[in-house]
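Construct the complete structure from the given sequences, taking the supplied hints into account.
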Amino acid sequence: VKPQPSELHLLTGSYALDAVDEPELEAFERHLTQCGSCVTEVRGLRETAARLAFGVAVPPPPALHEQVMAATYRTRQLPPLTSRPMRPERHGSAKRRGSVVRPPGRDNRGRRIKILLPVAAVSLAAVVALAVLQVRTHDQLNTAQANQNAVAAVLSAPDARAGSGAATDGGTVTVVISHGRDEAVVTAAGMPALPGSEVYQLWLMGPAGTRSAGLLPAEHGGRTNPVLAAGIRAGDRLGITVEPAGGTTQPTTSPLIEMPMPA
Amino acid sequence: MGRMKVQRTLRARLSEDVAGEDGDDLVRLLSQVARGDHQAFEAVYAELAGPVYGMICRVLRDPAQSEEVAQEVLLEIWRTASRYDTEKGSPAAWALTIAHRRAIDRVRSETACTRREHNAATDPGNREPDDHDVVADIVAASIDQQRVRRCLDGLSVLQREAVTLAYYGGYSYPEVSALLGVALGTVKTRIRDGLIRLRDCMEVTS
Numbered sequence: 001v002k003p004q005p006s007e008l009h010l011l012t013g014s015y016a017l018d019a020v021d022e023p024e025l026e027a028f029e030r031h032l033t034q035c036g037s038c039v040t041e042v043r044g045l046r047e048t049a050a051r052l053a054f055g056v057a058v059p060p061p062p063a064l065h066e067q068v069m070a071a072t073y074r075t076r077q078l079p080p081l082t083s084r085p086m087r088p089e090r091h092g093s094a095k096r097r098g099s100v101v102r103p104p105g106r107d108n109r110g111r112r113i114k115i116l117l118p119v120a121a122v123s124l125a126a127v128v129a130l131a132v133l134q135v136r137t138h139d140q141l142n143t144a145q146a147n148q149n150a151v152a153a154v155l156s157a158p159d160a161r162a163g164s165g166a167a168t169d170g171g172t173v174t175v176v177i178s179h180g181r182d183e184a185v186v187t188a189a190g191m192p193a194l195p196g197s198e199v200y201q202l203w204l205m206g207p208a209g210t211r212s213a214g215l216l217p218a219e220h221g222g223r224t225n226p227v228l229a230a231g232i233r234a235g236d237r238l239g240i241t242v243e244p245a246g247g248t249t250q251p252t253t254s255p256l257i258e259m260p261m262p263a
Numbered sequence: 264m265g266r267m268k269v270q271r272t273l274r275a276r277l278s279e280d281v282a283g284e285d286g287d288d289l290v291r292l293l294s295q296v297a298r299g300d301h302q303a304f305e306a307v308y309a310e311l312a313g314p315v316y317g318m319i320c321r322v323l324r325d326p327a328q329s330e331e332v333a334q335e336v337l338l339e340i341w342r343t344a345s346r347y348d349t350e351k352g353s354p355a356a357w358a359l360t361i362a363h364r365r366a367i368d369r370v371r372s373e374t375a376c377t378r379r380e381h382n383a384a385t386d387p388g389n390r391e392p393d394d395h396d397v398v399a400d401i402v403a404a405s406i407d408q409q410r411v412r413r414c415l416d417g418l419s420v421l422q423r424e425a426v427t428l429a430y431y432g433g434y435s436y437p438e439v440s441a442l443l444g445v446a447l448g449t450v451k452t453r454i455r456d457g458l459i460r461l462r463d464c465m466e467v468t469s
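Read top to bottom, the protein sequences are chains A and B. The numbering used here numbers the first residue of the first sequence as 1 and each following residue consecutively. The numbering used here numbers the first residue of the second sequence as 264 and each following residue consecutively.
Keep in mind that the hints were calculated from the coordinates and are not lab data. All of these numbers come straight from a predicted model, not from anything done at the bench. Just so you know, even glycine gets a beta-carbon here, dropped at the ideal spot from N, CA and C. Don't take every hint at face value.
[Said to hold, decoys possible] Restraint-style ranges between C-beta atoms, simulated for each label pair: (1) B:Val290 x A:Ala208: 50 to 56 Å; (2) B:Gly444 x A:Glu22: 44 to 50 Å; (3) A:Ala230 x B:Arg298: 43 to 49 Å; (4) B:Ser372 x A:Leu194: 26 to 32 Å.
[As the list claims (entries may be wrong)] Some chain A residues well away from chain B (every beta-carbon gap over 10 Å; in silico): (5) Ala19; (6) Thr33; (7) Ala57; (8) Tyr73; (9) Thr75; (10) Asp182; (11) Glu219; (12) His220; (13) Leu228; (14) Arg233; (15) Pro244; (16) Ser254.
As structure tokens, this is what we get:
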């Protein structure tokens, strides 16, 4: 039984709430291409639905922020659509239908692009370079510049994975690891400030023993610059302890955090 | 920087609608995000992560799954910012449509219960969010909440149940019809009438 157009029009509300399933969904979306008033009504009702979401807003867990921000550094963005003005010979394609009122929600799952093109690597390098500018002394600047390429390489690695964890005395630690490179980039945010006689030291802890992965620099703007941890072995976990300035060869205090590497 | 943004956002929210001043702001921010601007994305995140996460939690219930889906959605906003088109509606409506569809997809997919192991291993546990942001979020949220509640109260019982089951419950309208024991055509109409009344109550401009 084919619904009449007037009946289809009644679906604007259900459609705006994503409460229409196939095959009716397709019929309604086809109807939308020919019904300007339906498009207008759906648009208005979608705004209303958005208000329903603002009505139940909840502060998301901080880990979500860390994960999303880390992921943006290794996710290439879609280019804008240019086909309409630039290529008049192509029109009426199937793609256009979805662009009426339907944002790209359903169709793109699993299509996350894993290969970062040089453009992304360049912009990443720019971000790291900006972080470098915040470093004060010349020595630190040299060190940071030496690490810059390695850090960018991990962040833009096709197998990069991110994870984060909470330290017991406060603060969040974010790790982006490339298992293929056996390297990880570590940053921390909101860790309590230490007296000058102490530092936060990173450790790789696993079947291969406990090895230092470097010292965490002081935070700038609520976040540390990225630290590169190299030589990661299977089963390693990341730990952070408070150690005397300059660091030690083995941990002398219990870890504030000990987290598995992101899988 | 983020803090200033939150305060400004809060003021805007106190005096204006989500789709008003903030909407214009988000349009500008999204075009910057489309050019790879991470700072602009931070501002978009500050604005939208709360409603995205809150709504997904309402639909999915499970916090770990909700966090996972919210992460996908927010990254999708980053990835597809260049495809946002003001003709399709406000940035908030665009983003929350993506979010609601993802949540619905999860509800209706068979794999709803699989969860990645490392999420459980790095569970946030006792993590404390930044105080200031939380206060701003809670104040802003309660203003939106009051308005939404007041407008929902203005609907008939059947309209309210049909709209909330469909949106917050993630049920399709035939499922809503079965849950409420009323005819399909009635549910369709009640959802539409209810939403139109909500739209007028919230003075949504589109």
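Holds or violated: 50 to 56 Å for the Cβ distance of valine 290 (chain B) and alanine 208 (chain A)?
holds, 52 Å
So is alanine 19 (chain A) really clear of chain B, every C-beta pair being over 10 Å apart?
violated, 4 Å
Could you let me know if the closest chain B CB is still more than 10 Å away from the CB of arginine 233 (chain A)?
holds, 18 Å
Holds or violated: 26 to 32 Å for the Cβ distance of serine 372 (chain B) and leucine 194 (chain A)?
The hint (26 to 32 Å, Cβ to Cβ) is violated, given that serine 372 (chain B) and leucine 194 (chain A) are roughly 47 Å apart.
Far enough from chain B: is every CB of that chain over 10 Å from the CB of alanine 57 (chain A)?
Label violated. Min Cβ-Cβ 4 Å, cutoff 10 Å.
Decide, holds or violated, for the assertion that all CB atoms of chain B are farther than 10 Å from the CB of histidine 220 (chain A).
holds, 13 Å
Over 10 Å to the closest beta carbon of chain B is the bar; see if threonine 75 (chain A) clears it.
At about 6 Å from chain B, threonine 75 (chain A) fails to clear the 10 Å cut-off, so the statement is violated.
Cβ separation of glycine 444 (chain B) and glutamate 22 (chain A), checked against the hinted range 44 to 50 Å
Taking Cβ atoms as reference, glycine 444 (chain B) and glutamate 22 (chain A) lie about 24 Å apart, which means the hint is violated.
Minimum Cβ distance from serine 254 (chain A) to chain B greater than 10 Å, as the annotation requires
holds, 17 Å
10 Å cut-off, C-beta based - aspartate 182 (chain A) kept clear of every residue in chain B
Its Cβ never comes within 10 Å of chain B, the nearest being 18 Å, so this holds.
Please check whether alanine 230 (chain A) and arginine 298 (chain B) have a Cβ separation lying inside 43 to 49 Å.
Taking Cβ atoms as reference, alanine 230 (chain A) and arginine 298 (chain B) lie about 33 Å apart, which means the hint is violated.
Just double-check glutamate 219 (chain A) for me: nearest Cβ-Cβ distance to chain B has to come out over 10 Å.
Holds, since 14 Å exceeds 10 Å.
Hints 2, 3, 4, 5, 7, 8, 9 from the list above are not met by this structure, while the remaining hints are.
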